[in-house]
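Peer 1: Each chain is listed here by its residues.
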Amino acid sequence: MTPEERHRIIAIARAPSLVLLGLVLLFGANLGLSFAALGRFNLVANLLIAAAMVALIALFFMELIRSSAIHRLAAVVGIFWLMFFFVLGFADYLTR
Amino acid sequence: MPSVALREPWQDLGHQRNSAVLGMWLFLGTEILFFGGIFAGYSVYRFLHTADFLAAGRETNIYYGSVNTLVLLVSSFVMSLGSRAARAGLFRFARLCFPVTAVLGMVFLTLKGFEYNDDLEKHLFPGASGFPLPEAGAGLFWAFYWVATVVHTIHLTVGIGAVFRLQILSRDDPQWLNDSPSAEVTSLYWHFVDCIWVFLYALIYLPGRS
Amino acid sequence: MSDITAGAYEYSRTPSIGAVDNYLTHGRTLRSWLVTTDHKRIGILYALSITVFFFIGAIAMAIVRLDLITPAPDLVSDDTYNKLFTLHGIVMVWFFLIPSIPATFGNFMLPLMIGAKDVAFPRLNLTSWYLFVIGALFTIGCIVAGGVDTGWTFYTPYSSQYSHGFVIPAAAGVFITGFSSILTGLNFITTIHSLRTPGMHWFRLPLFVWAMYTTSAVMILATPVLAMTLLLMSAERFFGIPIFDPARGGDPLLFQHLFWFYSHPAVYIMILPAMGVVSEIFTCYARRRIFGYSFMVYCMVGIAVVGFFVWGHHMFVAGQSPFANLVFSFMSFVVAVPSAIKVFNWTATLYRGQITFESPFLYCLGFLWLFTFGGLTGLVLATVPLDVHLTDTYFVVAHFHYIMVGGSVSAFFAALHYWWPKITGRMYDEAWARFAAILMFFGFNLTFFPQFIMGYAGMPRRYHAYAPEFQIFHVLSTAGAAVLGAAYALPALYLLWSLRRGERAGPNPWCATGLEWQTESPPPRDNFRTPPVVVAAPYQYHSETHGPDYQHRDIERAQGTV
Chain G
1 MTPEERHRII AIARAPSLVL LGLVLLFGAN LGLSFAALGR FNLVANLLIA
51 AAMVALIALF FMELIRSSAI HRLAAVVGIF WLMFFFVLGF ADYLTR
Chain F
1 MPSVALREPW QDLGHQRNSA VLGMWLFLGT EILFFGGIFA GYSVYRFLHT
51 ADFLAAGRET NIYYGSVNTL VLLVSSFVMS LGSRAARAGL FRFARLCFPV
101 TAVLGMVFLT LKGFEYNDDL EKHLFPGASG FPLPEAGAGL FWAFYWVATV
151 VHTIHLTVGI GAVFRLQILS RDDPQWLNDS PSAEVTSLYW HFVDCIWVFL
201 YALIYLPGRS
Chain P
1 MSDITAGAYE YSRTPSIGAV DNYLTHGRTL RSWLVTTDHK RIGILYALSI
51 TVFFFIGAIA MAIVRLDLIT PAPDLVSDDT YNKLFTLHGI VMVWFFLIPS
101 IPATFGNFML PLMIGAKDVA FPRLNLTSWY LFVIGALFTI GCIVAGGVDT
151 GWTFYTPYSS QYSHGFVIPA AAGVFITGFS SILTGLNFIT TIHSLRTPGM
201 HWFRLPLFVW AMYTTSAVMI LATPVLAMTL LLMSAERFFG IPIFDPARGG
251 DPLLFQHLFW FYSHPAVYIM ILPAMGVVSE IFTCYARRRI FGYSFMVYCM
301 VGIAVVGFFV WGHHMFVAGQ SPFANLVFSF MSFVVAVPSA IKVFNWTATL
351 YRGQITFESP FLYCLGFLWL FTFGGLTGLV LATVPLDVHL TDTYFVVAHF
401 HYIMVGGSVS AFFAALHYWW PKITGRMYDE AWARFAAILM FFGFNLTFFP
451 QFIMGYAGMP RRYHAYAPEF QIFHVLSTAG AAVLGAAYAL PALYLLWSLR
501 RGERAGPNPW CATGLEWQTE SPPPRDNFRT PPVVVAAPYQ YHSETHGPDY
551 QHRDIERAQG TV
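Chains as they are written, first to last, in the working numbering: chain G, 1 to 96; chain F, 1 to 210; chain P, 1 to 562.
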């Protein structure tokens, strides 16, 4: 490996390394918080942290941050449609 | 000479890459709704049997789950290095990253196998007799545990195959990694499987710990 | 180029018909068909496969209808009866209606209509046909092995615990076929985004292309939920794990929620393509621009989205909460609005048109009547108190057949006749075609209108034996089914005849706009000898200032060929 190559590898690895660090910290926070007695907020905390981790992966590893609008749209449309199910499905379960 | 990576009906590599990436994102949209069926069912039952789900979640093996989460996070990191290296033309480094990614995936599968073995020894399979948990919702929790993790495992296995495919197809012609959208598309799929696991980890291993 | 908005498309005369090299002659071996990546050939492969399934599904129902002539369950056993109507439902929904227009005409026409060489992922396109075939083999295997008796809805806990039929193979067939339609949808959306010819802006797309786009979106977003639902049901059945079992804390309604989250939008997978076809054909035979193009587009998008919010109207009496009933009932009324706008716009398109009653137009008129009727009875069923009375009766059966058969199948036949000259290069016998179209309309009404009456009077669906006062309606319905059967069989005869004896069609026998008519019939392997360029909106059948010409020659004149 030439020094120039090594230099370029370090350059492309910088951002993903920071993201990995963030992911591991969030993971640790999630694991730790789940042992704290927060009642029903355990679930909220767990899901929010999981969502933050997924957002990191999607934005930086899957590079949505530099994608075109149409790719971003395709990425969020599935999540939207899943929310439709949750909203209307729970319109039933919450009011039985 | 046009690249071998250029396929019908495309006229240039950039157009082909954009469209392939769009196709993969659409497929991932489908996958979100596929796993969405599991998440929806899990949520409904957790709502109907909250205490039972917490009790059942406590029985999962958090050591396997946590180590596996770390393994997948690192694998995603390596995969993203690989796809960036392929784009930057650093093919030797990219071809180093892909096998590492795949091996991390296989580590996950191995640990998962040990975990399944433990689960079965504890009779935590709700379809068979001797299921130890008395709560009504516990059986449902474990049913979703098995379906969700098995479906995820199948996805990961497909991902490992796809990563090896990159390695094989680029053996004689590393430039292919740059020309073809395959590296980017495979990486998207790998990260997606990782994302699903992040949610499964929070829903399966973390409930009922406090 | 005087008063006519001429040169709607930049046009170069193609070599005359009979040119040796077209997609049909591009390879003559069976192998060349089985490994083809040509979207046109894949469309034909789909057409042949779904025709086989159409007849399987039709035969199953023919036996049921014969049995229902008498109130007593005398022709087949109860068990066979259940298996027959299940077979009819599974085959007609997943192996005929879902792929009917998108996978055949969509595959064939979509790239032509946007001026592309092929779809975005040609090999994936072939893969989806093979997935369809594998799913089909599961289903045929299931029939041969002894069938399944759950109804096409696979409701739990019957399907997951009690049924003795081959539930898992049947579900596997549907699961695999589902991936075939997901891949088709993914391919179409990418194609429309990436491969439009220069000048083909989003609001210059023919409405059939918009129909394919919205249909594909529904396919991608709904089908995976069905796949997971069937997987969960099969896992419960095979491994005995509790998922929907009420005795072990499960909720059978969860299955219905998940199932209808797919299966109601699936109705829009069937009807949106039909709407696209009708827009193409009405404009062509009325020589009119489409009335309200942009609203037609917004309505299709609206139907595709709001169609996801109405699934609970299948569960009004199943134990859903009254609040959810209210929400789903309201949303079902909302989704009727864009459908109604479309009906009004088609009618307005015909107004002051120079109409000629060619067979595709007749089929479309049939569509307009039957779809409207089916849609309005849908509003009746969306009203909760009425649904309590009408649910699970023949009223429901009649309603959805008016939409799916009266609507989708009529449009399928319209598309078949409209594009037959393009696909085969031959003209069929117009007199026979008109006769078949009219016969189909009357046969259809004779079959299904009595079902509205007997359903309203209380005849439950799926019953093998029934009270004698319903016999007259069942006899009428069976007689209608015989007429309908003849109307379906007729095109098979004259269309096949046309392949050998039909006149050569020429590139544009209907003087239609649209890029697919600007290449040879049948089209060459790569669709266009010179890539077309689009300079105007679709359906330029007459100028802004003048109405259509009664001679139907506006387009030819515009192109300088008359």
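Since the hints were made in silico from the structure, they are not lab data. Beta carbons are placed, not taken as given, at the ideal position from N, Cα and C, and that holds for glycine. Each hint should be verified, as a subset may be incorrect.
[Said to hold, decoys possible] Partial selection, computed: residues in chain P whose CB lies under 8 Å from chain F:
1) LEU186
2) LEU195
3) LEU232
4) ALA487
5) TYR488
6) LEU490
Peer 1: Are the hints correct? Go through all of them and say.
Peer 2: Going through the hints against the structure:
Residue-level restraint check for LEU186(P) holds (minimum Cβ-Cβ distance to chain F is 5 Å; threshold 8 Å). Because the beta carbon of LEU195(P) sits about 7 Å from the nearest beta carbon in chain F, less than 8 Å, this interface hint is met. The interface hint given for LEU232(P) holds, since its Cβ lies 6 Å from the closest Cβ of chain F, which is under the 8 Å cut-off. A least Cβ separation of about 37 Å between ALA487(P) and chain F goes past the 8 Å threshold, and the interface hint is therefore violated.
At its closest, the beta carbon of TYR488(P) sits 34 Å from a beta carbon of chain F; the interface hint therefore is violated under the 8 Å criterion. Annotation: interface hint on LEU490(P) violated; nearest CB of chain F at approximately 38 Å, more than 8 Å.
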